[in-house]
Amino acid sequence: MHNHMFPMHKRVSSLMVYATDLCDSGCKHCLIWAKRPVTHLSMENIEKIMKSKCIHPSTSVGLEGGEFLLHPQADEILKWFSDHHPNFDLFSNCLKPENLIHSVEKYKPHRLYISLDGNESTYLHMRGKDGYASVLHVIENLKNKVPVFVMFTLSPYNDFNDLAHVAEVCKKNNVFLRVGIYNNIPFFDTIENAKQSFVGQYKNDEVLTYSKVKELREDKNTVESTSSEKKSRAINDNDAFNIPETIKEFKENYDYIKLYKNWLSGNLRLKCNSILDSVIILPDGSVPICQNLSIKLGNIFENSLDNIFNSAHTKELHHHYSNNCNQCWISYHRKYDIVLYRTFEKYFGKRATAKILGYYKWDWNDQLSLKETIGR
Numbered sequence: 001m002h003n004h005m006f007p008m009h010k011r012v013s014s015l016m017v018y019a020t021d022l023c024d025s026g027c028k029h030c031l032i033w034a035k036r037p038v039t040h041l042s043m044e045n046i047e048k049i050m051k052s053k054c055i056h057p058s059t060s061v062g063l064e065g066g067e068f069l070l071h072p073q074a075d076e077i078l079k080w081f082s083d084h085h086p087n088f089d090l091f092s093n094c095l096k097p098e099n100l101i102h103s104v105e106k107y108k109p110h111r112l113y114i115s116l117d118g119n120e121s122t123y124l125h126m127r128g129k130d131g132y133a134s135v136l137h138v139i140e141n142l143k144n145k146v147p148v149f150v151m152f153t154l155s156p157y158n159d160f161n162d163l164a165h166v167a168e169v170c171k172k173n174n175v176f177l178r179v180g181i182y183n184n185i186p187f188f189d190t191i192e193n194a195k196q197s198f199v200g201q202y203k204n205d206e207v208l209t210y211s212k213v214k215e216l217r218e219d220k221n222t223v224e225s226t227s228s229e230k231k232s233r234a235i236n237d238n239d240a241f242n243i244p245e246t247i248k249e250f251k252e253n254y255d256y257i258k259l260y261k262n263w264l265s266g267n268l269r270l271k272c273n274s275i276l277d278s279v280i281i282l283p284d285g286s287v288p289i290c291q292n293l294s295i296k297l298g299n300i301f302e303n304s305l306d307n308i309f310n311s312a313h314t315k316e317l318h319h320h321y322s323n324n325c326n327q328c329w330i331s332y333h334r335k336y337d338i339v340l341y342r343t344f345e346k347y348f349g350k351r352a353t354a355k356i357l358g359y360y361k362w363d364w365n366d367q368l369s370l371k372e373t374i375g376r
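Numbering-wise, my numbering puts 111 at position 111 of the sequence shown, and it's gapless, one number per residue.
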């Protein structure tokens, strides 16, 4: 509410720092690992960012990559956050489990986010490395020392059986589950068209190599011309979109997945409020407006984060895209909006919520509340 009322004096609630694009994985849904040359955001620049007036002690900072722990100054950065801004989260693929366990025990991040996208076979074919056992090893060693969030990306390279498997892993170990859905995020250099692909379409296809990625990039226009028949199946095939019952136990994730088809078919519309207080910084210093669009607000090598985030130019961009975009279903942004609208509906009802937050709809019938739309 503060950032709505004072658009040129906004505060950052969530800062995601992609400190490096160096990665030791080989994922199909994210091709950061194939970027050349490799770029790092230095410790000195990260410390400068953290001194910005728009950053507060309550600002949640995510340290990501690539694989963050491969950053040449990873240890130094973690120590600085541990000493000066303990409200930070660490993201990892767990491929170097002992290094990760040591870092978490030493520097004690607020939360640990780790990736697990299916069972052992799916993990290998989707992520290109045999890291399934390493993830379980990390969970077992850290689940009682720090809140562990297991991140699952629903994609053309896995399916709902894999989601059910990961949900059971989370329940067994009493850790959190955070589901995302595959999107074409520019920084990730994705290949498959997210809107025209369907869940499990390429499950257990061959593992990607660097040379294969180069070939796919050259042929990207062909790949993106997926037929309208496949797009129709993505939206309407109930067998391909059969959400496991166990996901209902993870409310935030269930609502997000359940509403995906409504958004994909064009029946759902929400304003994007997250961009008003969430900031992303890439290894080259650029500050995109969000994870989905290529529009840059500025670059921290050329201007301060305060001047970038609270400039008149950013105010105009925020106002336009917050009200008119609705182009993605990226969990970092859309879960924020789902929770926001759901909470307002709970206390004020749908009509009052629309007056407060602006016109929105969960489905083709814009009179339906969220509870009526998802049937719970």
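Since the hints were made in silico from the structure, they are not lab data. Incorrect hints may appear among the rest.
As the list claims (entries may be wrong) - Calculated pairs, SDA-like style, for lysine to any residue (alpha carbon to alpha carbon, straight line, at most 20 Å):
hint	residue 1	residue 2
1	Lys258	Gln196
2	Lys248	Ala164
3	Lys79	Arg36
4	Lys355	Gly375
5	Lys212	Ser13
6	Lys271	Leu357
Unchecked claim - Listed next, with one range per pair, are the computed distances between beta-carbon atoms:
hint	residue 1	residue 2	range
7	Ser58	Asn161	36 to 42 Å
8	Ala133	Lys108	40 to 46 Å
9	Glu316	Ser121	34 to 40 Å
10	Ser42	His110	21 to 27 Å
In this text, a Cβ means the ideal position worked out from N, Cα and C, and glycines have one as well.
Comparing the hints with the structure gives:
no. : hint                        : in the structure
1   : Lys258 x Gln196             : holds (18 Å)
2   : Lys248 x Ala164             : holds (11 Å)
3   : Lys79 x Arg36               : violated (28 Å)
4   : Lys355 x Gly375             : violated (24 Å)
5   : Lys212 x Ser13              : violated (39 Å)
6   : Lys271 x Leu357             : holds (8 Å)
7   : Ser58 x Asn161: 36 to 42 Å  : holds (39 Å)
8   : Ala133 x Lys108: 40 to 46 Å : violated (25 Å)
9   : Glu316 x Ser121: 34 to 40 Å : violated (49 Å)
10  : Ser42 x His110: 21 to 27 Å  : holds (23 Å)
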